[in-house]
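A.B. asks: Residues per chain are reported as follows:
Protein chains: 2
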Amino acid sequence: MTPEPKRAAPRTTASAAPTDSTAGGAGGALGAAGTGTATEGETVPTVPPGESTAEMVDVSTLLERGRELTTPVLRAAVDRLAPPMDTVAAYHFGWIDAEGNPADGDGGKAVRPALAVLSAQAAGAAPEVGVPAAVAVELVHNFSLLHDDLMDGDEQRRHRDTVWKVHGPSQAILVGDALFALGNEVLLELGTVQAGRAARRLIAATRALIDGQAQDIAFEHRERVTVEECLEMEGNKTGALLACAVSIGAVLGGADDRTADTLADFGYHLGLAFQAVDDLLGIWGDPQATGKQTWSDLRQRKKSLPVVAALAAGGPASERLGELLAADAKSSDFDSFSEEEFAIRAALIEEAGGREWTTGEARRQHTVAVRALETVDMPDRVRAELVALADFVVVRKR
Amino acid sequence: MTPEPKRAAPRTTASAAPTDSTAGGAGGALGAAGTGTATEGETVPTVPPGESTAEMVDVSTLLERGRELTTPVLRAAVDRLAPPMDTVAAYHFGWIDAEGNPADGDGGKAVRPALAVLSAQAAGAAPEVGVPAAVAVELVHNFSLLHDDLMDGDEQRRHRDTVWKVHGPSQAILVGDALFALGNEVLLELGTVQAGRAARRLIAATRALIDGQAQDIAFEHRERVTVEECLEMEGNKTGALLACAVSIGAVLGGADDRTADTLADFGYHLGLAFQAVDDLLGIWGDPQATGKQTWSDLRQRKKSLPVVAALAAGGPASERLGELLAADAKSSDFDSFSEEEFAIRAALIEEAGGREWTTGEARRQHTVAVRALETVDMPDRVRAELVALADFVVVRKR
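Protein chains in written order, with UniProt numbering: chain D, 1 to 398; chain S, 1 to 398.
Don't take every hint at face value.
Same chains, same names: a pair is fine if it fits in one copy or spans any two.
[To be verified] When the alpha-carbon atoms are kept at most 30 Å apart in a straight line, the in silico DSSO-like pairs for lysine-lysine are as follows: (1) Lys330 <-> Lys165; (2) Lys330 <-> Lys397; (3) Lys302 <-> Lys109; (4) Lys109 <-> Lys330; (5) Lys165 <-> Lys302.
It is worth saying that the hints were derived from the structure and are not from the lab. What you are looking at is a predicted structure, and each value in this text was computed from that prediction instead of being measured.
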């Protein structure tokens, strides 16, 4: 079997070995913030915005604009699905409730649409040019949520029952397939050469997404996963589609491949930063904010970055953690574990340096991402907005 | 919700109402063959080849050539999947057994690859030009098999356990997704304008495929389905992808949209003919040839063409059948029904005219398909080969 390149864009390496990074570097301010415990009411790790113009940008306005431009086109696309798939998809997106009544659901953070719209502007085009890219990426992202929730047996998403819980596994498979197809159709029906180039990048990102889910499932059955394997998986699951979002808007706006590749590089590392923060929130996040249970990822035995970094660090806490997790894997009592038993594991992860390393990793990936942007020629305002979004991704609480 | 056109190509109407068609027309020779019962060792309905040059074409050579050109490229594409998806896909295609040992499996009839290769030749291009089209269509077709088998709970395909039975539901979902993505990638990575046009047709056909599966699932829960609804569903599930196969090879070969649409029209009606024969085989097929149980579709309560035509025909047998099927839907003993109970239902379908009508429908769709071909300018040899394939589709026993 010949392995093939799995990502949409080349990238540089941001990750240091866990032990290197917990030991050294400019983690001062970040490290201090990083020791807060969200479940105790404090904030999650933050990255201080630099001296850039990003401070002048209101991120919520940016996200809102992306949402406002994208949602009507997204809804019109979903309305094209044959019944009952249109209804099931509308439930998934939070536009209606399980009984079919209109709802004002939580449609997610909408980082991808904002990136796609800015991507078009980075190429000097109007924001509207990026809308088909935003819609396509949202459709593919939600295809993967529908299928992953079913494969992972996740019963809740965005504070609501998942589609397979409400409408059954067949509808989750079928509507996922339909959203996947629709995402590609939205691009291809533009009928231009640029649309073909964008579609090619989208399909490569989708393949990476699927590879990442395959790795995620495989890792569940393994006792040990290396930090490198975890980063590769997270690059596939999260980095590839953010890379696509922030590059195919530009492609639709006429950008050449080199520019698109560099923007993709920004998005890929931003995705890794995003995922590192997600992994921190998955253990120490505030359930009120995340909509998930306390110690959510530990309950699901996820081999997320803090866990694999802690296991790789060595030392007494790391070894004790390894023993506990190995015993947990065989335990029949796991499902009835108390809060305290998860808290013990979380404390060991922290003691072994897994939390601090992951916090540092979010910062490192953020830095690499922002540095990639510097090599692309674009309006200052657009650059500042992209940096502001990158900052937002690593300071969010949900 | 705004409905959208669900098919890849315009088409003419071949179907008469069941009662009209069983009464009239040139069904003589066909009707006679159609009364044979495959399970009693006789042949399934046949369509006599016309006076065309099709008689001089060896269909098995045509199918073999399509398979030989396509299989190495298909295997190379599947090899690009990350483990364990490559292995699961190889099992599905019959290249390895459940233990991972090389197998010489039944890869299906390979009608689609043969059509895609001929499609390129219809546009005056070399057969090889159609190979990416053939591979793309095979990948998308097999994506739908993987997902449909899981949704329908089908445990056997091509005389072997289905993927979800052997590798679990998650792998069936995931590898299905991967084949879907790969099919689009194979076309888009050609990077030409023609490839973009072909990809757009492929994604439209895939959307139709998904619509058809949605209809198929919805019909299972309904007491009555009209003949028109059944034909629309079968057009989506079978017609759209055959239409795609026989048109996108030509698109890659430089054909204009009008030519591609007409070839798609041929493929769409050929698909409906194919499905009518499949529906006959699903009730009266020889289990040895089909690899399915006796009365397979009746055991699965499928509302296939012979059933809906029989129910629509009226008269004593039709009414008795309706009563029996309505009672079956509520029966808790259905799973332990004897051969004889299914034989009674099959006899009623036949007595009500459902078998004869479906046989006639296969012939009518075949005629419309072949007539569409006459309006496309292409080498005589290629036309004869397409007609020979069309004839094969309606005389097959599996």
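A.B. asks: A separate judgement is required for each hint: does it hold in the structure or not?
C.D. replies: Comparing the hints with the structure gives:
no., hint, in the structure
1, Lys330 <-> Lys165, "both (27 Å within a copy, 25 Å between copies)"
2, Lys330 <-> Lys397, "neither (33 Å within a copy, 51 Å between copies)"
3, Lys302 <-> Lys109, "within (23 Å within a copy, 43 Å between copies)"
4, Lys109 <-> Lys330, "neither (37 Å within a copy, 46 Å between copies)"
5, Lys165 <-> Lys302, "both (21 Å within a copy, 26 Å between copies)"
The earlier numbered hints that this structure contradicts are 2, 4.
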